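Peer 1: Chain residues, written in single-letter form:
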Amino acid sequence: MIKASGLSKTFDGGVEAVRDLGISVEPGEIVGFLGPNGAGKTTTMRMLTTLLRPTSGTATVAGHDLRADAKEVRRHIGYVAQGGGILPTAPLKGELELQGMLYGLSRRESAARAGEILARLDLAGLETRLGGALSGGQRRRFDIAFALLHDPALLFLDEPTTGLDPQSRANLWGHIRALRQEKGMTVFLTTHYLDEADALCDRLLIIDHGRIVAEGAPAELKTGGRTLDDVFLDITGRSLREESALPGKGV
Amino acid sequence: MLRDTWVLFRHGVGVTLRQKIGIVFGAVQPLLFLVLFGPIFTTFGTWETLVPGLIIQLGLMSMGLAGFGVVFEKRSGVLERMRVTPASRVALLLGRVLTNAVTLILQTVLLLAVAFAFGLRAPALGLVAGFVLVVVLGLSLAALSYAVALTMNEQLFAPVMSTAVIPLILLSGSFLPMSMAPGWLDALSHVSPFRYVLEALRDLFHGHYLTGTVGAGVAVTAVFAVIGLTVGTRVFNREHA
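If you're matching them up, the sequences are chains A and B in order.
The working numbering puts the first residue of the first sequence at 1, with every later residue one more than the last.
The working numbering puts the first residue of the second sequence at 1001, with every later residue one more than the last.
Calculated directly from the structure, the hints in this document are not laboratory data.
Possibly wrong hints are sitting among the right ones.
DSS-like cross-link-like pairs, simulated, lysine-lysine; straight-line CA separation at most 27 Å [stated by the list, open to error]:
(1) Lys71(A) <-> Lys1074(B)
(2) Lys93(A) <-> Lys1020(B)
(3) Lys3(A) <-> Lys71(A)
(4) Lys93(A) <-> Lys222(A)
(5) Lys71(A) <-> Lys1020(B)
Predicted model, so just to flag it, every value in this text is computed and none were measured.
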C-alpha cells in the first residue's frame, strides 16, 4: 500500500527533516510511526499525503506514484492532520457534503455517505451542530469522518488521540480497529502514546533524526522483557513518556 | 476544475447569503460617505463623479480584505483538509474569489440603489460596463489578498492590508478627482492602478464609452486580473500555502 525508497526532505535553510527513508506498508496493516518531537514524523506523513514535495526519493502510495500522479494518490487516501480541520463557526453537515463533493461524489451521494459514516462513528445527529460545539473526542471523530467520505483504501492519522481523555482514546481505537476489520483499510498513524502503539498497531517504525532506526511488530521489539518505552529509550536516548509531555512541534 | 470551482462557489454563496448582515455591514462605510458626504460633494460636483469613487472604495475594502477568510481556514486546518482532496488547486482559489465577487455585486447594487434615490442618473450601458470592470477588478484583488494572507504571517495580515488599502483609496481619487490635487500628488497617484479604473468608471457613468480613459481603465483592469489570478494560483499551488 505504501512503498517509499530514499525519501528525503530538506527545507529552505538546509534543515534535513527526513533522510533516505524507506517504508513498506502492506494492505490491511495498521502501522505506527513513532519518534521524538522533531524526528520527521509529520514531514514524512505530509510527503506521503502529497502536501509536501520530497526533495529526493521515490514513493508509491495506494498504487500511484507520489510525484507523477499526486491527484490519484489523493483520490485513494484519507488524511487526518495533527490539528484537525474543523471550522468552529460552520455547520458540520454542509462541510461534510462539500468535502465529499470535492472527492467527486454528488451532493446526494455525499450526504448518504456522511450519514453512514457518522452512524459508524457514533456521531449521528451531531452534524447539525457548529464545529465549535463539539467535545475533543467528537471533533476528532468528525476529523476521521471527513477523511472517510470517499471510502479510501489507506488512512493517514497524525497523532489522532493527542489531547483526548483515556475513554475517548479507547473509543477511537475501537473505531480504527473496526475500520480495518470491516473494510480491510490500511492505517498509517503517528502517536506519542506507547500503549496506543502497542495495543493498536501490527507493526511499528521508529524514526529519529529523520531516519528509520527500528522496525518490527511490538512483540518483536519488546525482547528480553523490555517495555516499548525501554526500547524507545535505548534507540533514541529519550523517553517517549517525556516527549509526550512536551507540546508537539510537528516537524 | 470547472466542477470543483462550481462546488466551492455554490457552497461559498450559500454561506455568504446566510450572513446577510455581513454583506450590508461591508458596504456601510461607502454608504455613509454617500449619505453624509454626497450632498456636500454635489454642491460643486455630480453624483456620477462621486459614486464611481465610492464603488472603488467598496471594492478595495471588501475585496482587499477577502484574505481574512482564508486565514481562519488555514488556522483551523480546513484549507489543508481541502488540499488533500483531488480538487484542483486553481478551483480552490476560483471558487473563493467568485464567491467574493457575488458579495461585491450585492454590495454594489445596494450602493447604486441608494445613490439613485439621492440623484445618480447614469446610463444603463455605462452602469453595466462599469459593473463588469469593478467585478473583474474585485476578483483580481481578492486573489491577491488570498496570496498575501497565505504568504504573510497571519498576525500581520490585518494591519498590513488595512494600512495598504487607505492610501490606495486616497490615491485613486475616490473622494475628489486627482485633477484637483497638487502636481506631486497627482503624479504619485498614477502609480495606483485603481486611479485608471476609477477614471474609466467616471467616463462610463457620464455616458462616454469610447474614450482613451475607458481604454486605459480596461487595459489596467485586464493586466491586474492576469497578475492577481496568476499570483493567487501560484500561492495556492505552493506546498506551504
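Peer 1: Against the structure, test the hints numbered earlier, and report the numbers of the ones violated in rising order.
Peer 2: Numbers 4 and 5, in rising order.
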